[in-house]
Amino acid sequence: MNPIVVMHDFFVDRIVKLDSKEQFFDALTEKARFGGGSIRGVHTVDTKGGNAVNVAYCLANLGMNVVLFTVADEIGSSILKQTFSKFGEKVSLQITNGKHGCTTSFEFRDEQKSKINVMVSDIGDNVLFGPDRITSDDHRKMLKNADGVAVLNWGSNIRGAQLAEHVFKNSPRALHFIDPADIETRRQDFKESLRDIADIVDALSINENECNSLAKATGLESVLMMTGEQSVDTIKNAAKMLSAEMGISIDLHTRRGAAWSNGKETVFAHAIKVEPKTMTGAGDSWDAADIIGYLAGFDALERLTFSNACASLYVRNPNMQPPTMREIFDILQRITF
1 MNPIVVMHDF FVDRIVKLDS KEQFFDALTE KARFGGGSIR GVHTVDTKGG
51 NAVNVAYCLA NLGMNVVLFT VADEIGSSIL KQTFSKFGEK VSLQITNGKH
101 GCTTSFEFRD EQKSKINVMV SDIGDNVLFG PDRITSDDHR KMLKNADGVA
151 VLNWGSNIRG AQLAEHVFKN SPRALHFIDP ADIETRRQDF KESLRDIADI
201 VDALSINENE CNSLAKATGL ESVLMMTGEQ SVDTIKNAAK MLSAEMGISI
251 DLHTRRGAAW SNGKETVFAH AIKVEPKTMT GAGDSWDAAD IIGYLAGFDA
301 LERLTFSNAC ASLYVRNPNM QPPTMREIFD ILQRITF
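Counted from 1, the sequence shown has number 52 at position 52 by our numbering; the numbering is strictly sequential.
Derived by calculation from the structure, the hints in this document are not laboratory data.
Check the hints yourself; a few may be wrong.
[What the hints assert, rightly or not] Keeping only pairs whose Cα atoms sit at most 25 Å apart, straight-line, the calculated BS3-like set for lysine-lysine is:
(1) Lys216 x Lys191
(2) Lys17 x Lys273
(3) Lys144 x Lys90
(4) Lys115 x Lys236
(5) Lys169 x Lys144
(6) Lys21 x Lys115
(7) Lys48 x Lys81
(8) Lys273 x Lys115
(9) Lys141 x Lys90
(10) Lys48 x Lys21
(11) Lys99 x Lys81
(12) Lys169 x Lys141
(13) Lys81 x Lys141
(14) Lys240 x Lys264
(15) Lys191 x Lys236
(16) Lys48 x Lys99
(17) Lys17 x Lys115
(18) Lys216 x Lys240
(19) Lys264 x Lys191
(20) Lys48 x Lys90
(21) Lys21 x Lys277
(22) Lys115 x Lys277
(23) Lys264 x Lys216
(24) Lys31 x Lys21
(25) Lys48 x Lys115
(26) Lys17 x Lys277
(27) Lys277 x Lys48
(28) Lys240 x Lys191
(29) Lys236 x Lys273
(30) Lys31 x Lys17
[Said to hold, decoys possible] Derived Cβ-Cβ restraints for the label pairs, each shown as a range:
(31) Ile335 x Ile116: 20 to 28 Å
(32) Arg326 x Gly88: 14 to 22 Å
(33) Lys264 x Ser136: 37 to 45 Å
(34) Gly130 x Gln321: 31 to 39 Å
(35) Thr29 x Met1: 52 to 60 Å
(36) Asn145 x Gly219: 37 to 45 Å
(37) Glu192 x Lys264: 21 to 29 Å
(38) Gly219 x Phe24: 31 to 39 Å
(39) Gly219 x Thr135: 32 to 40 Å
(40) Gly37 x Arg326: 43 to 51 Å
Values in this document were obtained by computation on a predicted structure and should not be read as measured data.
For glycine and all other residues, C-beta sits at the position ideal for the given N, C-alpha and C.
Model the full assembly from the supplied sequences, consistent with the hints where possible.
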């Protein structure tokens, strides 16, 4: 199999694990009342991050050949090289010099006792990652020979539209995959840009929040807004209506399950119930499996089920490690829907 090209964002993540947001706010208020000080005893985890880096790492862990385009300074480059060193020549790092991002992610349970994460980010030079960073003859050859090209975290990159158009047009035989991440503040821009390149995009992957943002941008919020626990019909309808509106096949992954639609047909696969140990990066593991499912020629139900299995193994792993291919097939043989 030829490489899967992934781009563009890299963040150094600090994950802060809390029982609840109220616990943290109360501690902040208490310390502020006394003029400041340290809040001790908080469980934190430092790790590599960024949608592109996480997807690339998961793809490599599943045995794929990967090319990762991203931006980092000297320290960040060292982190990336060490992180991906275990994969040897299966991963090619194409790092341009600049300021990588930094994120603090707060994980806690909401009012419905569901585990969620809220991220505070310094985007760094991820915000300006455009076609000018992928211009050499070697870069063009990598795109031309790729089996898949994934453009991730469009929401953090004001040049995301130009980047996607450039790399997709230069990879005519590849699967073209977009996961925009949080687009709420740029939802109208995303909708318009996506329509301009709809004919060269094979799959748009979104979660509930991104679905809501796109629904608002397309004027469908009155019928598509997702809040709380959604029904299967609600999820399927959202995927179908947005796909028809945008002219792009959509993969909508939620806590309840995942739906695919091309605007006419719709398929749903239930999520695999697990006790979550981490949430940060769950969508990235789902995307990695989804990309593999497309390239492997799985039908929609097989692909969604495969992706749900991968994500379930990731979220139940306390060490934030993606699964291997063997682990995914093992769980698929055991689960009952």
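Each hint, compared with the structure:
no.	hint	result
1	Lys216 x Lys191	holds (10 Å)
2	Lys17 x Lys273	holds (21 Å)
3	Lys144 x Lys90	holds (18 Å)
4	Lys115 x Lys236	holds (23 Å)
5	Lys169 x Lys144	holds (9 Å)
6	Lys21 x Lys115	holds (11 Å)
7	Lys48 x Lys81	holds (11 Å)
8	Lys273 x Lys115	holds (13 Å)
9	Lys141 x Lys90	holds (17 Å)
10	Lys48 x Lys21	holds (24 Å)
11	Lys99 x Lys81	holds (16 Å)
12	Lys169 x Lys141	holds (13 Å)
13	Lys81 x Lys141	holds (22 Å)
14	Lys240 x Lys264	holds (7 Å)
15	Lys191 x Lys236	holds (20 Å)
16	Lys48 x Lys99	holds (14 Å)
17	Lys17 x Lys115	holds (10 Å)
18	Lys216 x Lys240	holds (15 Å)
19	Lys264 x Lys191	holds (20 Å)
20	Lys48 x Lys90	holds (19 Å)
21	Lys21 x Lys277	holds (17 Å)
22	Lys115 x Lys277	holds (9 Å)
23	Lys264 x Lys216	holds (21 Å)
24	Lys31 x Lys21	holds (16 Å)
25	Lys48 x Lys115	holds (21 Å)
26	Lys17 x Lys277	holds (10 Å)
27	Lys277 x Lys48	holds (17 Å)
28	Lys240 x Lys191	holds (16 Å)
29	Lys236 x Lys273	holds (19 Å)
30	Lys31 x Lys17	holds (19 Å)
31	Ile335 x Ile116: 20 to 28 Å	holds (24 Å)
32	Arg326 x Gly88: 14 to 22 Å	holds (19 Å)
33	Lys264 x Ser136: 37 to 45 Å	holds (41 Å)
34	Gly130 x Gln321: 31 to 39 Å	holds (32 Å)
35	Thr29 x Met1: 52 to 60 Å	holds (54 Å)
36	Asn145 x Gly219: 37 to 45 Å	holds (41 Å)
37	Glu192 x Lys264: 21 to 29 Å	holds (24 Å)
38	Gly219 x Phe24: 31 to 39 Å	holds (37 Å)
39	Gly219 x Thr135: 32 to 40 Å	holds (38 Å)
40	Gly37 x Arg326: 43 to 51 Å	holds (49 Å)
Going through the hint list in order, the structure satisfies each hint without exception.
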